[in-house]
Amino acid sequence: MTQLKVGATLALAIALVCVAGPSFAHHSFSAEFDGNKCRDFTGTLTKIEWTNPHGFFYMDVKDPATGKVDNWSFQTYALITLRRAGTTRQMFLDNVGKELWVRGCVARNGKEHYAAAGSLKFASDGVLRQMGQLQD
Amino acid sequence: MSYRSRLSVACLSGLVVMALGARGAGAQNAQPKEPYTIKVMPPGGPPPRLADGHPDLSGHWLPNGAGQGVSGRFGVDPEARRQFDPKVTPEEPPSFQPWAVQKIKSMTPTEVELSKSSVNCMPRGLPAIWLQNPYSTYIVHNKDVMAQLYEVLNNWRLIHLDGRPVPKDPEPWFHGNSATHWDGDTLVVESVGFDDRTYVMPNGWFHSDELKVTERYSRPSMNYLMVQITVEDPKVLTKPWKSAPRRWTLGNGEVYEFYCTNNKEVEELNKLKEQEGAKK
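Protein chains in written order, with my numbering: chain Y, 1 to 136; chain G, 1 to 280.
For the record, the hints were derived by calculation from the structure and aren't laboratory data. Be aware that one or more of the hints could be misleading.
To be verified - Here are a few chain G residues that sit away from chain Y, every Cβ distance over 10 angstroms (derived from the structure):
| # | residue |
| --- | --- |
| 1 | 42 |
| 2 | 49 |
| 3 | 69 |
| 4 | 134 |
| 5 | 155 |
| 6 | 159 |
| 7 | 180 |
| 8 | 186 |
| 9 | 196 |
| 10 | 203 |
| 11 | 242 |
| 12 | 257 |
What the hints assert, rightly or not - Here are some chain G residues the structure puts well away from chain Y; computed CB gaps all over 12 angstroms:
| # | residue |
| --- | --- |
| 13 | 47 |
| 14 | 54 |
| 15 | 70 |
| 16 | 85 |
| 17 | 92 |
| 18 | 93 |
| 19 | 144 |
| 20 | 153 |
| 21 | 172 |
| 22 | 177 |
| 23 | 195 |
| 24 | 222 |
Unchecked claim - Straight-line Cα separation of at most 27 angstroms, DSS-like style, residue types lysine-lysine; simulated pairs:
| # | chain 1 | residue 1 | chain 2 | residue 2 |
| --- | --- | --- | --- | --- |
| 25 | G | 273 | Y | 37 |
| 26 | Y | 98 | Y | 37 |
| 27 | Y | 68 | Y | 111 |
| 28 | Y | 111 | G | 271 |
| 29 | Y | 62 | Y | 111 |
| 30 | G | 105 | G | 242 |
| 31 | G | 103 | G | 271 |
| 32 | Y | 37 | G | 271 |
| 33 | G | 103 | G | 239 |
| 34 | G | 242 | Y | 111 |
| 35 | Y | 68 | Y | 37 |
| 36 | G | 242 | G | 103 |
Note that CB positions come from ideal geometry on N, CA and C, so glycine has one too.
Required output: the full structure, derived from the provided sequences and hints.
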């Protein structure tokens with residue numbers, strides 16, 4: 001996990017430089033998520049919902065200050081976009097119960113523990129993957 | 001700058017952004033020395049032809065120059081992202097009637113959001129299906145019909161090639177009522193009779209019941225499909241609007257399922273719309 005944390009900054013930097021997210025997110029991202037409230041998450045993947053048009057995944061995130069663990073849900077790109085980028089449902093299933101790093105932006109409406117995923121790294125392969133429209 | 005000018009600029013900007021198909025994918029953001037792994041597709045030789053000699057437009061077409069998905073990926077050559085180069089084939093912004101400018105201007109930001117097919121889950125319809133579609137289109141073409149299978153929203157459309165005219169009293173369909181003819185190696189599809197709930201562009205560009213859309217399809221080589229759209233709508237526009245020829249490239253991957261099922265933020269947007277309405 002430490003390796004993931006160390007890599008997070010680099011990952012973000014790469015994302016900033018190289019990212020090319022689509023202008024055609026299915027949903028109106030700005031209506032639902034706050035692009036000014038993005039942060040890093042590190043935790044354990046607990047569940048996925050591979051649903052049309054967007055996917056969702058869930059992870060347990062431990063608050064470093066309090067030690068409290070919350071289960072966060074993250075919305076992804078349209079499944080088509082993930083598949084064409086080489087990210088599959090099986091990839092997520094293989095990583096349930098394992099560590100991952102996510103950069104995401106929280107919901108505007110104040111819904112707790114809900115965010116849009118921008119990018120992701122599974123600890124198992126360390127590959128930076130684009131997950132959503134907002135690549136801050 | 002007048003509103004009209006600003007709107008025109010916005011329209012043009014929107015077109016350019018859509019053509020790029022990527023946020024910030026302009027050359028200024030690209031790393032010149034980046035070893036792109038996803039590049040512009042080569043022409044691929046001459047186009048296939050039907051038995052009658054016309055180009056066969058069949059194929060799995062992707063809205064970019066790469067022949068594969070470019071969204072959500074690293075290492076994509078910006079040249080491969082876009083559907084046209086505005087420097088080579090510039091596209092004039094639409095010229096709206098004054099009342100149309102006022103109508104668009106009166107839309108709140110949330111109303112514009114809610115007008116988008118990507119938000120409200122309505123079919124894109126014609127011509128938006130060719131102008132604002134990030135997903136693939138699978139075309140099956142023979143001498144009698146061209147079937148267009150759109151990945152987005154699992155929509156489809158049959159274009160009959162048997163010379164039939166458009167009906168005298170066309171029903172308002174999302175994809176209109178079409179008549180076709182060949183202009184050399186270009187298939188020309190003229191359509192009238194549209195459902196008025198669709199928008200030409202996701203910036204508030206609405207249309208009237210006088211909308212006429214002309215599509216021109218050509219296949220200059222095996223790997224490229226060119227689609228050029230002309231929009232005539234005398235109630236809304238002061239003159240016809242012509243798109244740049246947009247390229248679609250031949251892909252060999254899967255066509256995926258896409259339905260709009262969990263659009264949760266419409267409720268949020270409607271709340272915002274009510275708040276904006278109260279301020280009007």
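Quick rundown of the hints versus the structure:
no., hint, in the structure
1, 42, "holds, 20 angstroms"
2, 49, "holds, 29 angstroms"
3, 69, "violated, 3 angstroms"
4, 134, "violated, 4 angstroms"
5, 155, "holds, 13 angstroms"
6, 159, "holds, 24 angstroms"
7, 180, "holds, 28 angstroms"
8, 186, "holds, 27 angstroms"
9, 196, "holds, 22 angstroms"
10, 203, "holds, 12 angstroms"
11, 242, "holds, 22 angstroms"
12, 257, "violated, 6 angstroms"
13, 47, "holds, 25 angstroms"
14, 54, "holds, 31 angstroms"
15, 70, "violated, 7 angstroms"
16, 85, "holds, 17 angstroms"
17, 92, "holds, 21 angstroms"
18, 93, "holds, 18 angstroms"
19, 144, "holds, 30 angstroms"
20, 153, "violated, 9 angstroms"
21, 172, "holds, 26 angstroms"
22, 177, "holds, 27 angstroms"
23, 195, "holds, 21 angstroms"
24, 222, "holds, 21 angstroms"
25, 273(G) / 37(Y), "holds, 23 angstroms"
26, 98(Y) / 37(Y), "holds, 26 angstroms"
27, 68(Y) / 111(Y), "holds, 18 angstroms"
28, 111(Y) / 271(G), "holds, 15 angstroms"
29, 62(Y) / 111(Y), "holds, 18 angstroms"
30, 105(G) / 242(G), "holds, 23 angstroms"
31, 103(G) / 271(G), "holds, 22 angstroms"
32, 37(Y) / 271(G), "holds, 21 angstroms"
33, 103(G) / 239(G), "holds, 18 angstroms"
34, 242(G) / 111(Y), "violated, 44 angstroms"
35, 68(Y) / 37(Y), "holds, 21 angstroms"
36, 242(G) / 103(G), "holds, 22 angstroms"
Violated hints for the displayed structure, listed by number in ascending order: 3, 4, 12, 15, 20 and 34.
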